[in-house]
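S.K.: If you're matching them up, the sequences are chains Y and H in order. Last residue of the first sequence: 583 in the working numbering, with the numbers rising by one and none dropped. Last residue of the second sequence: 1599 in the working numbering, with the numbers rising by one and none dropped.
Incorrect hints may have been included.
As the list claims (entries may be wrong) - In silico lysine to aspartate or glutamate, EDC-like type, Cα no more than 20 angstroms apart, as pairs: (1) LYS1446(H) - GLU222(Y); (2) LYS114(Y) - ASP1486(H); (3) LYS1392(H) - GLU1331(H); (4) LYS389(Y) - ASP1219(H); (5) LYS120(Y) - GLU1343(H); (6) LYS85(Y) - ASP1235(H); (7) LYS1047(H) - GLU51(Y); (8) LYS354(Y) - GLU1482(H); (9) LYS1492(H) - GLU51(Y); (10) LYS216(Y) - GLU1482(H); (11) LYS198(Y) - ASP1486(H).
What the hints assert, rightly or not - Chain Y regions said to be covered by chain H (calculated; three or more residues, Cβ under 8 angstroms): (12) 179 to 186; (13) 216 to 226.
Since the hints were derived computationally from the structure, they do not count as laboratory data. Please read these numbers as outputs of a predicted model, since none were measured by experiment. Backbone N, C-alpha and C define an ideal beta-carbon position, used for all residues, glycine too.
For reference, the chains in residue letters:
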Amino acid sequence: MKIIKMLLSFIKLSFKEYHTYFVVLIFNTLVLSAQTIFAAYTLSLIISLIETNNFSSSLNYAILIVFVEVLLLFLKLLCQKLLSKHQAIMEVKIDQLLARKIMELPFSYLEDPKYLELEKSASFSINNMGAIIGIFNSISTLFSNIITLFGLLIIILSFDYLIPLILFGGTILTCVVILLSMKFQIKFYQNLLPINYKYGYYFNTVISPVKIKELKMYSIYEILYQNFCVYGRTVTKSFVKYYIKTSLFYTLSVILRYIQLAIVYALMGIKTITEKLPISQFTLLAQTALSFTTTVQSIVESSTNFFRNVEYIKPFMEFMAVDTDKKNLATKLLQSIKKIEFKDVTFKYPNTDKIVLNHVSFILYDSEKISIVGLNGAGKTTIVKLLCKLYEPCEGTILVNDIPIDEYENESYIRQIGAVFQDYKLFAYSIKDNIDPTGQIDVKTICNDIGIGTAIEALPKQYNSLIGKYYDESGVELSGGQLQKIAIARALAKKGSLLILDEPTSALDPIAEAEIYENFNHLSKDKMAIYISHRMSSSIFCDKILVLDNGIITDFDTHKNLMLKKDSLYYKLFMTQSKNYKL
Amino acid sequence: MKYGLWKTFITQIKRINEAKLSGTYLLYFVNAIVSGLIPVISVFFIKIIVDEITISNSIEQFIWKMLILILLSALCLVLKSIFEGILAGNFFTLRQKEFERVIRLYYSTKYDNIEDSLFQDTMESATKAVDGDDRGFQKTYTNFKLILNSLFSIILFSIILANFHIALVFVCLFSTIISIIINKKIADYHKKRQKDLGHAYRQKQYYNQTTSDFAYGKDIRIFSLKEFIMKKYQDKSLSYIKVLSDLLNKEFKYGLFGLITLLIQDSVAYILVIYSAIQKQITLSEVTLYISSIVTFTTILRTLSDNMIDLIKNLKLTIGYFDFLDSTNLEEKLAFYNADYHEGVSIEFRNVWFKYPNTEKYVLKDLNFKINAKEKIAIVGTNGAGKTTIVKLICGLFEPTRGQIFINGIDLKTLDKKDYQKLISTVFQDYDIYALSILENVGGIKYDRQKAISCIENVGLKETIESLPKGYDTNLLKVIDEQGIDLSGGQKQKLAIARALYKNGGIVILDEPTSALDALAEASIYQQFAGLVENKTAIYISHRLSSTKFCDRILFFNQNGLQEEGSHEDLMNQKQEYYHMFMVQGKYYQEREDEDENN
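Based on the sequences and whatever the hints tell you, model everything.
M.R.: Dropping the structure here:
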């Protein structure tokens, strides 16, 4: 029942996305059924023509038969063409639906392994298994088979009542076999999915061009290779078993089919002989009965695909059912950030117990530059994520201009923040579009300001160069440092009133790093700015330093004052590094 | 050795034997007979029944004959489905074996290949032949099976039809040939547009992948890129659909030609049969036989031609794969390094030139330096100075394009790489942590538990790990074990260092080992490490300068190669580039100290 409900909601969803495909699909179904039913008629038509013994009228009819045949084939060809095209469109629509859904998820879900896993299996089945088209194809085959069955049944009913009864009984038995085989198949694919996933991990690891140099050095490779083979063989073995077992189900349905046929032929034969019926009628019935059982058989066969694909769209539907961002009903527009206040903020990541921020309170004022300093895992990046509304505090409030941030309308709020994260990402489209998607900003000036302008202008397509070769052969491969600068340019181009740099210079050498920092104060002049860096030297540029230790703010003061507190974490960190630079 | 269609096919057939699945040959043959018979029996079915009805009129005879026929075809179908079940399993097994072959090859090929984008591209297209059951390697076996089945039926049907009128056989063959030509034309057109289609598809797919990659989520949200990306996605999707439509339209037009030949074929056949029947040259039962035969014969001929074309397509794909297997050069077996692996060795670069495969630019030019046994060296330099390349050369992953590297005075070229690499404990910049247990991550296969634990203790992870419920046997990552643990960046790095310590090689290399660590953790790693590598030759690579004080000597590189060499004090006194870099990085620390002193 659950499966049917899911299937229905899938159909509803895709119908809403693109109706045309359904029209084509129905048309195709009708054509296919018409073809089968007509084919069952052909032989008896010809025989009845011969029975008239009139060559010239027979000839005309024969040509008519051929004509109808060819017409049906023509329609089938047309359907195939239309179907392929609209199928592709449907696939794209579903892909886009998924893409949009992912982009609308609350950010916290993206860091939750549960959703990560779900999304992975959803897009795996759509992209690698062709589940969307698979499901439509099998539904359409199923329907055309059912319509065909009805058509054939009507033909038979016009001659005899016993035969349909036998065929009906046979069909029910066949359905039982289908159900059994379906149960087996669903279970098989359910069991296979996690194994396949693990197998995929080992496979991707041992074939990774990045990892192989390390694996050549350490015997870890042997374990990974062993596991790869073990899982590979498990998958193979289960498939071998699967093939044999499904062939047994198939065999069972074949036997059923022939028992039906034997009874039907016997009945018809006896009737034809005793009642002296015309041969054309017998052949019609025989052909129809044959088609009937063939159609039932093909339902059995297509049900395999059907249930496999149903299994495949399950993760997709589950994913689509995930709640997206709560609609933010707040209407207050944020013009610029003048003050940020963390008031007693406590935070732990969903489904974890570790308190990452423990009653954190601090205030930042207009155009202040502050640096957040602390050991690994102290919660530095978490503060930034909370401020960007990527997560919500578990306790306490964050105020901007003395108003809680959830009272601001999202778009206007986020517009005020330019951020470069540790793991920033750029896109494979042009440099210009990367820096400024709105197309309204003078990208050139910003790039010149942070010292990447000349490098970009030296490229053949300048600001229109695509980043990376993935998207197009004409793309350019930039160095880590250059990419980081483009990411910084993107944050600056946003013209917000708050800038955040989370470990922005880790890919840069000391000289490039110093250059960025020295420029940055100038670039962020009237903006509020937050830096996170392991390099203590960067904090010297800042007005104040927020020292985090294990989720607690231990200090919030200027560099000068902090250096006076010789027992503070900051002093310790600073001295440890500065020791290396003693002359 | 070049592969042609025929040789590829034979090689694939031989693979069956190599995989100890020789029963497959027999199955092929028996299955062809059984499957080939099925359509023939069903064609005769109605004929025989009609004969019984019209001629003998005996119910008893009719029932017997019918039962025999039904039993016979049911038997054939049952056998066929069992045979095909076994065959499908065998084909799957064969493909899996190829997978293992590729993985082994990938591991044992010369490392040059791994970083050669040309090799990676070749491999990607070559392995397309084995990465799915619906194409290439595995599909060839299925095609072959279907071809054998059809051939057997075709022979039987040709005999039946020729018996009536040889013209029928020719008409059917003619229309099949036309359909083959049409299919070929379509395939050619496909090939012509394949590049456009592939290009449009890739562009569309980029958005698909990017949006479904959660790592992009933060930037998409912060920069409000949702609508912008959706718009680009839509644009690219439309251009993909456009190319696809072109292709389908062409295919449709060619298909219409096929209909015309079918029209001719069926008209000729029906008229011939009807004429002969009305002239009483054939009986009604023969009419049913011939009409059904023509329908079935045409279907089977089409199946055959489709499969032939598909077989050729799949073989062509497999040719690329076999060529790839044969042409990939493996790491050679050379002389073993006959000395203690755990002792430090001297390393000397003599006139070393190096460029990456398929690139023009030399990364290293005429590089000369010597590292003495058990010396601690820091290699420092700007981005792109070739520091990591030097590591790869020392590890024996690459060979110099020109010049030589000596290990304890032996030319590295003459040493067996697999054997030599036992000497090296390295943490690469892009080290990884695997979905195995913590101890396996450190000790690899057949690890020594005590030794692995003590290495973990040495890098300062003891408490963290012992606080986990499963302690040292905890699995890492959540891919394989749902209860697996994700370590933080710093912890991962420490674990990678423990792995290098466990290996206990004579050369220890840390490439940017502390970039993910905070200042305190970094300092403690260096301090601990200094004690642990006493008897080793140790090389630290960094663009930070903090490591340099622990080292005996510093090699300073920039884009132009090795610039300065000497102890920290020496280089500072020389006041060259190293001094400059040190001053830039240390500027603020020093200013502070001045102020502190003033206070």
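S.K.: Determine which of the earlier numbered hints do not hold for this structure and return their numbers in increasing order.
M.R.: The structure breaks hints 5, 9, 10, 12; every other hint is satisfied.
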